[in-house]
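Asker: Make the full structure from the sequences, and use the hints.
Listed here are the chains, written in short residue letters.
There are 2 protein chains.
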Amino acid sequence: MKKQLIPVLAGLLAGVLVATLFFAEFTTYGPYSTAGVNSAAEKVYVPLGEHDDYYLIASGGHSGQLYVYGIPSMRRIRTVPVFTPDPATGYGFNQKTKEMLGGYTWGDFHHPALSLTEGEYDGKWLFATDVANNRIAVLDLKTFMVKDMLKVPNTGGPHCSAFVTENTEYIFLPTRFSVPFGHEYASLDDYEKKFKGVMSAVTFDEETQKLELAYQVALPPYSYDVADTGKGISADWAVITTYNTELATTDLEINASQFDRDYLVLFNWRELEKKIEQGEYDLIDGIKVIDPLKHKGGIYLVPAAKSPHGVDVTPDGKYFISSGKLAPLLTVFSFEKAFEAIEKEKFVDEKFGIPVLDYESVMVREVNPENALGPLHTTFDDQGYAYSSMFISSEVIKWNYETGEVVDRVDVHYSPGHLVAAEGDTKSPKGEWLVSLNKMAKDNFLSVGPSHPESMQLIDISGDKMEVVLTVPVDPEPHYAQIISADKINPIHVFEKDEGRPNSVWRQEDARIERKGNEVHVYGIAMRSKYIFDANAKRKDVIEVEEGDRVFIHLTNIDLDQDITHGLGISDYDLTMEIQPGETVTLEFTADKAGTYPLYCTNFCSALHQEMKGYLLVKPKK
Amino acid sequence: MKKQLIPVLAGLLAGVLVATLFFAEFTTYGPYSTAGVNSAAEKVYVPLGEHDDYYLIASGGHSGQLYVYGIPSMRRIRTVPVFTPDPATGYGFNQKTKEMLGGYTWGDFHHPALSLTEGEYDGKWLFATDVANNRIAVLDLKTFMVKDMLKVPNTGGPHCSAFVTENTEYIFLPTRFSVPFGHEYASLDDYEKKFKGVMSAVTFDEETQKLELAYQVALPPYSYDVADTGKGISADWAVITTYNTELATTDLEINASQFDRDYLVLFNWRELEKKIEQGEYDLIDGIKVIDPLKHKGGIYLVPAAKSPHGVDVTPDGKYFISSGKLAPLLTVFSFEKAFEAIEKEKFVDEKFGIPVLDYESVMVREVNPENALGPLHTTFDDQGYAYSSMFISSEVIKWNYETGEVVDRVDVHYSPGHLVAAEGDTKSPKGEWLVSLNKMAKDNFLSVGPSHPESMQLIDISGDKMEVVLTVPVDPEPHYAQIISADKINPIHVFEKDEGRPNSVWRQEDARIERKGNEVHVYGIAMRSKYIFDANAKRKDVIEVEEGDRVFIHLTNIDLDQDITHGLGISDYDLTMEIQPGETVTLEFTADKAGTYPLYCTNFCSALHQEMKGYLLVKPKK
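Quick mapping for you: the protein sequence lines, in order, are chains A and B. The first sequence runs 1 to 622 under full-length UniProt numbering. The second sequence runs 1 to 622 under full-length UniProt numbering.
Errors might be hidden in some of the hints.
For the chain B half of the interface with chain A, some residues (derived, Cβ under 7 angstroms), not all of them [said to hold, decoys possible]: (1) 51; (2) 439; (3) 473; (4) 576; (5) 598; (6) 607.
Only pairs whose alpha carbons sit at most 30 angstroms apart, straight line, appear in this in silico DSS-like list of lysine-lysine [said to hold, decoys possible]: (7) B/210 x A/194; (8) B/210 x A/593; (9) A/194 x B/288; (10) A/194 x A/96.
By construction, these hints were calculated from the structure, which means they are not laboratory data. Predicted model, so just to flag it, every value in this text is computed and none were measured. Every residue gets a Cβ at the ideal spot worked out from N, C-alpha and C, and that includes glycine.
Answerer: So this is what it looks like as structure tokens:
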């Protein structure tokens with residue numbers, strides 16, 4: 001090497017070093033982009049022309065609706081109506097969905113559950129339960145529309161549901177609060193005798209697209225909180241947390257927090273199915289009911305630390321982890337140990353006809369991270385780690401469920417309830433992302449007054465250390481969510497043109513208005529940019545009826561193009577409907593108010609959208 | 001300088017240069033961060049601990065609700081209920097808001113309008129109008145809650161409202177569709193004679209917090225689309241666009257698109273106010289009505305190109321710009337020229353008692369950007385530029401309204417309706433950000449089936465070139481939005497403890513249940529983590545009534561901490577309420593179903609939230 005090159009090279013090296021340090025410094029602490037900010041901003045940004053990698057399917061709590069978000073951008077893609085009427089889509093206003101809602105004007109949507117095939121999300125169906133008015137609904141993920149809804153009797157809020165079995169054989173809905181059968185009036189002095197903690201087993205038939213109540217189980221009058229189903233070796237089993245095993249009937253804050261241990265209910269649904277097949281049940285009001293006092297077997301109690309909230313089965317199906325809400329304790333239980341204890345009938349007690357297993361004979365390990373308070377829920381990644389939310393200490397704890405070792409902790413803001421990792425409750429979690437569903441937002445966002453949003457935080461779990469990368473507000477109140485790979489869901493954009501569909505009209509000349517007694521049926525068309533209600537009338541876009549008529553407006557949207565939605569709102573009549581491309585929808589109402597009422601397209605559909613209108617004329621009774 | 005230092009310094013310089021180029025290259029075109037993405041991602045990212053700079057106040061269209069977003073993050077902070085019941089907040093379920101909604105279950109919220117002081121947003125009130133069921137509402141921005149709602153008669157959808165005058169003296173609500181007075185039944189053959197395009201002048205009293213209908217004007221039976229109020233020299237004036245001056249009564253797509261020019265209605269509200277003071281009106285059903293056929297003056301028509309959609313007054317108050325929806329034309333009109341023409345009575349025609357001004361005598365300039373189709377709306381920055389949305393060519397056009405020069409264009413995705421710049425409709429626009437409210441999203445986002453979200457795009461307008469930096473989905477359907485500096489809105493977090501408030505209870509021992517005939521009044525407390533309905537009962541958290549009783553549950557949330565919201569849901573009774581910290585709310589219902597019904601707190605409020613429950617016991621009639 002030539003001697004004079006040495007100082008040049010040394011200088012070059014030093015220069016590169018200085019500049020590198022400068023840029024590293026600037027990137028990390030620069031005025032416009034701190035390290036966390038800069039990299040986090042890039043991680044969550046999805047540019048126009050690209051899509052998010054995952055759907056986040058979140059319950060909307062007492063809004064009654066489903067919130068669909070994209071991950072990693074955490075943009076709210078859509079509010080999908082489920083238990084509450086939604087004029088933005090006409091849900092609960094048109095004939096079919098109004099009937100489906102059964103007169104209820106809200107719901108408390110607690111847990112979404114994606115359908116499973118061999119323990120993996122298959123992207124076909126989504127089940128939803130209503131804690132307020134005791135219903136279960138199923139959505140078709142081809143359309144994100146509710147296909148069926150079922151009212152569940154004898155239930156005081158199916159809080160710990162929906163949870164589906166490995167191949168969507170059953171959806172189990174244990175009640176949160178115990179009530180007497182048929183909601184019969186009873187004194188709380190008779191609580192132990194008359195109140196039951198009913199669990200419902202519901203099936204869904206993909207052919208008929210109908211939900212059905214298969215049977216119910218009369219569990220003890222405890223409160224049931226959250227549940228999970230088994231996988232692999234535990235696929236025939238499910239597990240539910242209980243609290244208030246004290247059977248308190250007032251001031252549960254104190255009275256249901258007395259015992260150091262409550263129970264997990266462990267049940268084998270194959271055995272329960274057998275019982276039903278073999279007639280081992282009572283028929284109460286037409287419902288098959290298994291009462292463990294009379295029909296023993298298949299159900300066991302496992303003691304667990306104090307008022308446990310969540311229980312979660314590990315991806316390998318070997319363990320179930322209980323979160324002791326009022327004990328700072330995560331407890332790992334073994335299915336294999338439980339099976340052995342059951343086989344050997346190692347029972348220490350019996351409650352309401354159900355054998356109680358010995359805690360020590362099922363428990364594998366107690367995990368008690370230092371100063372971690374209020375464990376609620378646990379989700380999993382693809383590396384054998386569990387992630388648990390700590391409500392009181394506002395953090396997420398990453399730990400190894402095979403060893404109990406805590407490997408990382410991160411603060412969240414504030415008070416996380418559930419948390420969910422990508423496909424974290426399936427047999428094959430994806431790792432990558434985790435979302436913490438925080439109950440309190442406090443001052444995270446611009447203030448909108450006393451009523452606060454909740455907050456969701458996206459956490460990058462792809463590395464050794466968890467990193468909170470984005471905090472977004474969310475309307476009340478996501479209780480649970482699931483994250484599914486975007487490629488598993490393939491919705492349609494346009495409904496098929498089906499000329500045989502009842503009440504549909506596809507040719508403009510076929511649009512007509514028919515009177516049958518005091519029923520008026522409009523067989524009409526919505527298209528860019530007009531209504532055709534009656535092809536032969538002087539004014540094709542006018543509906544004239546008589547006061548008191550029962551009116552049925554059947555509308556078909558014949559614009560078979562993506563995103564060309566039409567609506568129909570009737571001024572001052574409190575009526576609205578939405579018709580997707582290729583869809584036929586019926587609006588049914590009584591014309592109980594005489595007069596002149598404009599009607600118009602509610603969905604901006606073309607440059608002549610403002611011209612898409614007509615009148616409802618209601619001729620007064622003489 | 002020592003000779004041997006030269007090569008070292010040269011090397012150092014070269015090294016810095018090489019590294020700088022490397023980092024510059026990496027930052028710009030690196031595999032994980034392309035130039036556009038990187039800078040856009042950083043521009044819109046608001047890290048935890050910081051807040052957005054602006055509120056975006058967007059109408060929620062036929063959802064009936066208000067959407068509040070933050071800018072630049074475009075995170076949806078909250079859905080605020082206005083015209084549709086919302087179980088998530090108990091809106092429309094509790095006594096007060098149920099009464100306020102007047103039985104209507106939805107609305108079509110078209111235009112939000114922030115209150116003005118001297119032509120600037122004062123951050124105090126927000127007005128909202130319902131195109132579906134003809135209402136106006138006012139929200140208090142201290143709480144983001146609706147304070148009052150008024151039903152507007154003789155109206156077929158107040159589409160082109162609300163728009164407020166410079167000091168919030170009036171909110172004007174012109175109808176979209178013409179109807180006969182009182183919505184009286186009429187044949188469309190009598191359209192010209194019997195139908196009226198009524199405009200309502202509403203006032204809001206800050207003291208009483210009440211809206212009032214001051215008077216109405218019987219305008220011609222055109223359709224009225226959008227409006228704006230004057231500023232500065234034009235502060236006493238307002239302007240409205242019309243279409244269907246053809247007076248078509250069917251197939252408006254064709255029949256209302258015949259004339260090359262429709263009208264702008266220009267009116268002086270000070271003069272109309274004077275008319276009312278001087279008794280120049282008719283009293284129809286108790287409403288003061290000015291009919292221009294009888295009471296001339298103060299109202300003028302200006303011809304404008306074809307079926308104009310938006311009309312916008314420039315920040316300096318000198319011009320009004322009309323967007324000719326069906327003509328590819330933005331027309332700049334001068335208020336000063338209009339005033340002169342009016343003074344000189346340069347009228348070319350008269351329609352329904354209203355003088356028509358000569359187009360040329362008011363028009364300043366026609367702007368026709370090449371290939372730009374479907375101009376709908378215009379907003380403004382702080383540099384004298386106008387930004388116009390082009391629905392058909394899907395773009396935003398930046399132009400100088402003093403010269404007509406088009407200086408920039410940017411594509412948006414797709415079909416923008418309104419657009420809004422930061423404080424762009426005030427006297428002092430901020431520049432900085434613009435949001436395009438796009439009617440179509442097509443395949444911008446992960447698909448949720450046939451029913452698509454709309455799309456909003458955030459555009460950086462701080463430089464010479466517009467830059468689309470973020471695209472977000474939005475529920476149907478923001479028609480208009482306003483952007484207000486975050487520091488102008490200062491909401492409260494907790495309601496004041498007011499011991500004199502009717503039905504409130506602040507001490508646990510004061511909680512009680514009182515019977516008055518068949519009315520049962522519960523004066524109760526919600527607190528972490530229990531209900532106290534009756535301090536002296538065996539079970540303080542149980543309400544027992546008789547079948548058929550009228551029940552009033554008055555609940556006060558005595559937790560005076562930010563974000564500690566309690567709720568009350570009653571299982572199977574379709575009832576819910578929410579009580580903010582320090583608030584007293586009443587739920588009123590008839591106990592028409594005997595039985596045992598759990599009640600529970602709907603809002604996660606503490607680690608013992610699940611224990612915050614009780615029962616409603618309804619004793620059957622004998």
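Asker: Mind listing which of the numbered hints don't hold for this structure, in increasing order?
Answerer: Numbers 7, 9, 10, in rising order.
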